[in-house]
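Going down the list, the sequences are from chains Z and G.
Position 212 of the first sequence, counting from 1, maps to 212 under the numbering used here, and the rest follow consecutively.
Each position in the second sequence, counted from 1, maps to that position plus 382 in the numbering used here.
Hints are computed from structural coordinates only; laboratory data are not their basis.
All residues carry an ideal CB built from backbone N, CA and C; glycine is no exception.
Treat the hints with care, as some may be off.
What the hints assert, rightly or not - Quick list of in silico lysine-lysine cross-link-like pairs, BS3-like style, CA-CA up to 30 Å:
| id | chain 1 | residue 1 | chain 2 | residue 2 |
| --- | --- | --- | --- | --- |
| 1 | Z | K382 | G | K388 |
| 2 | Z | K46 | Z | K196 |
| 3 | Z | K340 | Z | K356 |
| 4 | G | K388 | Z | K340 |
| 5 | Z | K356 | Z | K184 |
| 6 | Z | K380 | G | K420 |
| 7 | Z | K56 | Z | K340 |
| 8 | Z | K340 | Z | K380 |
| 9 | G | K388 | Z | K360 |
| 10 | Z | K369 | Z | K382 |
| 11 | Z | K186 | Z | K201 |
| 12 | Z | K318 | Z | K369 |
| 13 | Z | K45 | Z | K382 |
| 14 | G | K420 | Z | K318 |
| 15 | Z | K184 | Z | K211 |
| 16 | Z | K186 | Z | K45 |
| 17 | G | K420 | Z | K2 |
| 18 | Z | K356 | Z | K56 |
| 19 | Z | K201 | Z | K380 |
| 20 | Z | K46 | Z | K369 |
| 21 | G | K420 | Z | K126 |
| 22 | Z | K82 | G | K420 |
| 23 | G | K420 | Z | K46 |
| 24 | Z | K201 | Z | K323 |
| 25 | G | K388 | Z | K267 |
| 26 | Z | K56 | Z | K183 |
| 27 | G | K388 | Z | K369 |
| 28 | Z | K360 | Z | K186 |
| 29 | Z | K89 | G | K420 |
| 30 | Z | K2 | Z | K82 |
| 31 | Z | K196 | Z | K184 |
Claimed, not checked - Going by beta-carbon spacing under 8 Å, a handful of chain Z positions derived as facing chain G:
| id | residue |
| --- | --- |
| 32 | W53 |
| 33 | G54 |
| 34 | H55 |
| 35 | V57 |
| 36 | T61 |
| 37 | L63 |
| 38 | A145 |
| 39 | V232 |
| 40 | C239 |
One letter stands for each residue in the lines below.
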Amino acid sequence: MKNVILWLFGLEESALSDPTVVAGIITSFALIAAVLALFIVLLVKKRFLIHRWGHKVWSRTKLLIQSGFFILTNSFMVGWFKGTIYQGKLKFMCVPGMNCYSCPGAWGACPIGAMQAIFDEFDASKSWLDPVSGTYVQAPLYWIAFYMIGILMFIGALCGRLVCGLLCPFGWIQDLLYKIPVKKLKLPRDDRLIDKSRNPKAVRFWLGVDKYMRYLKYAFLIVMVVFLPLIVKANPWFCKYVCPSGMLLGGIPLMSMNSNLAAAAGKLTLQKLLILGGIVGLSIFLYRPFCRYICPLGAIYSFFNRFSLYKYGIDDSKCNRCKGCSVCASSCPMGVDPVKNPNHPECIRCGTCNSKCPQKAIHAGFRMKTPEGSAIRTRKQK
Amino acid sequence: MKTESKLMRYIVPAALMLAGVCFIVYGATDGEAFAVLKKAIAICMECIGLG
């Protein structure tokens with residue numbers, strides 16, 4: 001038993017003589033047990049079924065799921081207590097969301113960081129001296145990160161961007177920030193609502209800006225996660241120059257607990273803090289700016305929304321869109337119209353439309369049938 | 383109402399998941415999982431803005 005615990009926590013036997021480590025182990029077990037108990041209660045009470053409950057209950061349930069998953073994946077309390085990180089064998093596995101592996105509590109690796117780590121591996125036998133720069137050019141050991149593609153493909157094909165909506169810790173933090181009661185930046189999506197607005201021309205302009213800026217995340221994925229680490233220089237470019245999640249979950253806690261690390265802070269730290277500050281500030285007014293415009297992981301999962309087993313669907317026989325209802329489109333925090341395309345790549349499957357639909361015409365799940373047994377539409381509206 | 387075919391509803395996701403498992407096994411046996419572990423168990427200086 002003791003050996004299993006030591007293996008699980010990646011600790012030496014001598015570490016058990018430290019009372020902080022023992023307290024950390026006990027707290028970790030207690031937190032994991034509490035979260036598992038919470039999930040069992042939610043499962044028994046069928047709180048995962050969005051339709052059965054109104055929006056208020058669902059939004060609370062969603063917050064519980066997000067908080068529970070954050071605690072579950074970041075409950076290595078020895079790290080939080082001692083200002084270190086988990087060094088056990090479980091870290092070869094990836095968590096589904098943006099969760100920095102340098103977070104003191106992280107049990108698993110971040111998928112984006114892990115992908116860059118694979119591209120960073122170089123083949124020493126194929127390195128050569130560049131006569132112009134006088135430095136060694138390193139040939140990548142892996143041109144395709146099969147391991148990471150496999151993990152992301154499996155999760156994506158199972159549930160698509162449900163990961164963004166319910167399981168991503170950085171998404172959860174942005175959700176919490178958006179709860180701060182200030183005036184929000186929200187544009188109407190429905191044509192009728194746009195025409196009714198004070199300045200329809202300006203609304204259409206900003207909708208266009210928002211639409212094209214969303215392609216930025218694909219550029220971040222291709223350039224900073226794949227191209228630059230693979231071709232230009234072995235370096236985790238996205239993690240190093242952009243990722244605010246690493247700074248928030250890893251940098252700030254570690255630097256606040258470790259004076260040696262804090263002393264090493266420099267220009268790059270400031271740059272990353274500014275990016276984090278910008279994202280945090282914007283998240284108060286705009287729903288999930290990082291997920292909309294930057295997140296390369298969301299870009300990967302967005303390809304799978306159309307093909308995943310977990311899907312959203314519309315019961316057209318119940319939908320009141322033709323009678324002027326647009327509750328789902330106007331309530332969607334990501335600006336998607338679920339009636340037009342219930343499995344839009346930008347949909348993070350947060351369940352807002354589903355829980356707000358007065359007709360209960362939007363379905364979510366693995367089984368695309370109504371309780372009455374009739375089929376529902378998962379494709380685009382024609 | 384036009385509904386999704388069985389191919390798109392179940393077979394394509396299942397095939398993607400199966401391909402995913404095959405890629406994971408291939409990548410892990412090729413040493414990629416070790417590369418991930420090696421990187422993840424050390425504090426990533428770049429990620430925390432120090433490096």
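Check whether the Cα positions of K89/Z and K420/G lie no farther apart than 30 Å.
Answer holds: K89/Z to K420/G is near 10 Å, not above 30 Å.
Using Cβ atoms only, decide whether W53/Z comes closer than 8 Å to chain G, and label the hint accordingly.
violated, 26 Å
Within 30 Å, alpha carbon to alpha carbon, are K388/G and K267/Z?
Not OK: K388/G and K267/Z at ~55 Å, beyond 30 Å, violated.
So, L63/Z near chain G? Judge it on the closest CB pair being under 8 Å.
Hint violated; L63/Z Cβ to chain G Cβ min 27 Å, cut 8 Å.
Does K420/G pair with K2/Z here, judged by a C-alpha cut-off of 30 Å?
holds, 25 Å
Given the hint that K356/Z pairs with K56/Z, does the C-alpha gap stay at or below 30 Å?
holds, 9 Å
Restraint check for K340/Z with K380/Z, where alpha carbons must lie at most 30 Å apart
Answer holds: K340/Z to K380/Z is near 6 Å, not above 30 Å.
Under the criterion that the straight-line Cα-Cα distance not exceed 30 Å, is the pair K2/Z, K82/Z satisfied?
holds, 21 Å
Decide if the proposed pair is consistent with the structure: K420/G and K46/Z, CA atoms, cutoff 30 Å inclusive.
violated, 40 Å
Hint validation: A145/Z versus chain G, beta carbon distance must be below 8 Å. Holds or violated?
For A145/Z, the interface hint holds, since the closest Cβ of chain G sits about 6 Å away, which is under 8 Å.
Given the hint that K382/Z pairs with K388/G, test it: the Cα-Cα distance must not exceed 30 Å.
Roughly 20 Å between the alpha carbons, so the hint for K382/Z and K388/G holds.
Using 8 Å as the Cβ threshold, decide whether G54/Z counts as touching chain G.
violated, 27 Å
Consistency note: the structure conflicts with the earlier hints numbered 2, 6, 13, 14, 16, 23, 25, 32, 33, 34, 35, 36, 37, 39.
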